[in-house]
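Peer 1: Chains as they are written, first to last, in numbering that gives the first Met the number 0: chain E, 0 to 437; chain D, 0 to 330.
Derived from the structure by calculation, the hints contain no laboratory data. One thing to keep in mind: the hints can contain errors.
Cut-off 25 Å, straight-line C-alpha distance, at most; resulting in silico cross-link-like pairs (DSS-like, lysine-lysine) [said to hold, decoys possible]: (1) Lys83(E) with Lys117(E); (2) Lys13(E) with Lys150(D); (3) Lys83(E) with Lys115(E); (4) Lys16(E) with Lys225(D); (5) Lys55(E) with Lys150(D); (6) Lys88(E) with Lys115(E); (7) Lys55(E) with Lys88(E); (8) Lys219(E) with Lys88(E).
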Amino acid sequence: MDCWVSGWRTRFEKTVKTRRSILALFGLFLIASPFLFSSLIPNPANGSVSLRLSCKAATEFFLTTGVITLVILLLGPVTIPPLKQFLQKTILCLKASLPSSIFEKVPEAEDWPRLKIKYTRILGVILILASLFFGCNASPETLSLVTRTGLHMILALGLNIAVGMAGLLVLGYAAFYQLGAYVMAVTANNYPWVPWWLLLLPTFVIGAIVGTLVGLPSLKLRGDYLAIVTLGFGEAFHELSRNLESVTHADQGLTIPAACGFQSISFHGETLLTQDQVAFFCVLLAVVVTVIIIQRIYDSRIGRAWVAVREDELAAGAMGVPVLKMKLLAFAISSGFACVAGVMYGALIGFVDPSLCTLENSSLYLTMIILGGLGSIPGALLGSSLLTIIPEELRNYFPQWGDYRLLIVGVVMVTMMLFRPQGMIGSSRIRRELEDES
Amino acid sequence: MTSAIIQYLPATCAAATLAATSTPQSISFNWWEFTLNGLCRGSIYALVALGYTMIYGILGMINFAHGEVLMIGMFSTVFGIALATSIWGSNLALNLVFGVIFAMVICAGFGYANERIAYRRLRGAHRLAPLTTAIGVSIILQNFIMLTVSKDQVQFPRFYNAWMETTRYGPPGFEITATQIIILTSSLLVMGVLFYLVNCTRLGIAMRATAQDPMMASLCGISVQKVISLTFILASALAAVAGSMLASYQGVLHFDNGSPMGLKAFTAAVLGGIGNIPGAVLGGFIIGMAEDLTSISAGSDWKNLTIFCILMAVLIFRPRGLLGERVADKV
Numbered sequence: 000m001d002c003w004v005s006g007w008r009t010r011f012e013k014t015v016k017t018r019r020s021i022l023a024l025f026g027l028f029l030i031a032s033p034f035l036f037s038s039l040i041p042n043p044a045n046g047s048v049s050l051r052l053s054c055k056a057a058t059e060f061f062l063t064t065g066v067i068t069l070v071i072l073l074l075g076p077v078t079i080p081p082l083k084q085f086l087q088k089t090i091l092c093l094k095a096s097l098p099s100s101i102f103e104k105v106p107e108a109e110d111w112p113r114l115k116i117k118y119t120r121i122l123g124v125i126l127i128l129a130s131l132f133f134g135c136n137a138s139p140e141t142l143s144l145v146t147r148t149g150l151h152m153i154l155a156l157g158l159n160i161a162v163g164m165a166g167l168l169v170l171g172y173a174a175f176y177q178l179g180a181y182v183m184a185v186t187a188n189n190y191p192w193v194p195w196w197l198l199l200l201p202t203f204v205i206g207a208i209v210g211t212l213v214g215l216p217s218l219k220l221r222g223d224y225l226a227i228v229t230l231g232f233g234e235a236f237h238e239l240s241r242n243l244e245s246v247t248h249a250d251q252g253l254t255i256p257a258a259c260g261f262q263s264i265s266f267h268g269e270t271l272l273t274q275d276q277v278a279f280f281c282v283l284l285a286v287v288v289t290v291i292i293i294q295r296i297y298d299s300r301i302g303r304a305w306v307a308v309r310e311d312e313l314a315a316g317a318m319g320v321p322v323l324k325m326k327l328l329a330f331a332i333s334s335g336f337a338c339v340a341g342v343m344y345g346a347l348i349g350f351v352d353p354s355l356c357t358l359e360n361s362s363l364y365l366t367m368i369i370l371g372g373l374g375s376i377p378g379a380l381l382g383s384s385l386l387t388i389i390p391e392e393l394r395n396y397f398p399q400w401g402d403y404r405l406l407i408v409g410v411v412m413v414t415m416m417l418f419r420p421q422g423m424i425g426s427s428r429i430r431r432e433l434e435d436e437s
Numbered sequence: 000m001t002s003a004i005i006q007y008l009p010a011t012c013a014a015a016t017l018a019a020t021s022t023p024q025s026i027s028f029n030w031w032e033f034t035l036n037g038l039c040r041g042s043i044y045a046l047v048a049l050g051y052t053m054i055y056g057i058l059g060m061i062n063f064a065h066g067e068v069l070m071i072g073m074f075s076t077v078f079g080i081a082l083a084t085s086i087w088g089s090n091l092a093l094n095l096v097f098g099v100i101f102a103m104v105i106c107a108g109f110g111y112a113n114e115r116i117a118y119r120r121l122r123g124a125h126r127l128a129p130l131t132t133a134i135g136v137s138i139i140l141q142n143f144i145m146l147t148v149s150k151d152q153v154q155f156p157r158f159y160n161a162w163m164e165t166t167r168y169g170p171p172g173f174e175i176t177a178t179q180i181i182i183l184t185s186s187l188l189v190m191g192v193l194f195y196l197v198n199c200t201r202l203g204i205a206m207r208a209t210a211q212d213p214m215m216a217s218l219c220g221i222s223v224q225k226v227i228s229l230t231f232i233l234a235s236a237l238a239a240v241a242g243s244m245l246a247s248y249q250g251v252l253h254f255d256n257g258s259p260m261g262l263k264a265f266t267a268a269v270l271g272g273i274g275n276i277p278g279a280v281l282g283g284f285i286i287g288m289a290e291d292l293t294s295i296s297a298g299s300d301w302k303n304l305t306i307f308c309i310l311m312a313v314l315i316f317r318p319r320g321l322l323g324e325r326v327a328d329k330v
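Given the sequences, and given the hints that come with them, work out the whole structure.
Peer 2: Below, the structure is given as structure tokens:
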């Protein structure tokens, strides 16, 4: 009886909820309708304005968003989790079917965490070998796209330290990227004999120092302040780089001499590696080194401290974790990696102008790690490659895609946070944290 | 409080002079015009900052999408005026009032939808989640307007703000345009209504109770959910009024006007003490003046930098703001 009543009640509540959501959607449509179904007709005679009904904007908007949503749904979160489960099951079955003399015991589902590390390593080595092979054979266009993806991977990995691992929202990340690029460009113009790789470490330190200076006042307060301060820093840095003409040449940008960028390697007059290939291998090496460094930090005491701070600042502080120091460290390392990526950007593109540092780019990097999975290194790699390669490919098929790109970024952010906060391949721990802490 | 203002004045002046030394310009300084302009911009910032502060007071989170709600308010004012013109022809005052009311209704709808869709599910979640959805919503709103209305600037109908710009009152040297009178009086009126609402009505008592302790408030029979929704609706309506004023004051509208305005208004809210309603008004006026001072002395290219310097200075020296009483760090 009791069960029946509760079942009835939940069913009743469900109908009410559905009805309410339909009503809410209708209301949303209603308040959006002035913008969707009408266009402004200015009247030049007396400077007045009138309205005309037109469905052109609405049909175009809904058609394009519909197509893009379908593509994303097919490629994205709908396919990945089942795929992951399928892989997990296949590997377990394969291991179970093999004779146990090779493996000590038949693996159980509980062994999965340990096995996962092992398989991730094997997969990583396979991926690196595959990309080495790829780097030797791919066409220059594909190679340059993949090299840019590699830069975005370093950015996503770096941002992941602050946002995913330490739980600090950073909204002006592109400013640090551009800071690195400017350091590279200014050095290359003044001291052309300095090779780009010599700049990596000093720029990391510069980025870390600037990050500390920006983060210190806001990190003493609540976490929200860092978000708005970095947002303001992004705007201010953009404005500074446009206004300081003597250093940055404003909108004309700085050109980096070709001798300072990536160079082709030749042996006895025969080209062994072209410039594109050198860039690709350098970026690949940088990504691998970044992954290893970040994984080591995350597994160390510092990483444990970051998790503790992320989960509960107060409790972490009470347990003796130096909260402010740990948060600052996370933010500093994260901005340092952005600067390193900026140096490689300068060496790759050979030109730096203020257009790099926009809120658009910063939110794109944030979306990469949210899509892939907060706090997860494979997630950051996957998210950055998806969000770099898919737009590039889509641009060939939909010319109007460029206008809709940012809208999709916003939609991905909101829907992932609402329905799958751990991202595509994030851990369930992050999901529990983000869903209900109360 | 006076000492606090004196404490901050050097920081602002330093930023302004720093900017001034790098791009020297001929300065024709008219203090009357400067004060009026600063007050007008300041009162617009104050209205937006009130929204930030109210939402922060109740939910303890920064609503990043608030600047975009202001932008929606700017556009829906023009749409409302156009709608009225299509229905009953060009009637100056009536159409303007209709435009403002239309913008308030549309913005209240967007504010409620924002709370309902993006924040309600995430209440009690880690702080990162609602902040991220807020950024996402702000990107969506911005691009929605860009895709459906216009990528380029939209002119505010000249018919409705030309006479306000040209009509001047007062003796020479102390002239005040009708726009400035309307902006100052109506923003003061709206603020007065808000103070009455917050301090003297049952809704205001419920809001303050929820801000202090949502759990206790719900035990006392206050529907916390409804109070939060009403706060969002009220804040968005304020942003709509600010948007209408800004649209007629600037004369042009652009879809990315929202986020810089949001940043400035947030700085105003922090400067006044976040969660503190009179503080938001004071902060708004100070930010408006500081911005005007920068654009007079150094050029309008340095505005954002000055605002950022003020934000950093406040966070370093007085994180609770000018009028904030409790420490901003509320755990």
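Peer 1: Tell me the hint numbers this structure goes against, listed in increasing order.
Peer 2: 2, 7 and 8
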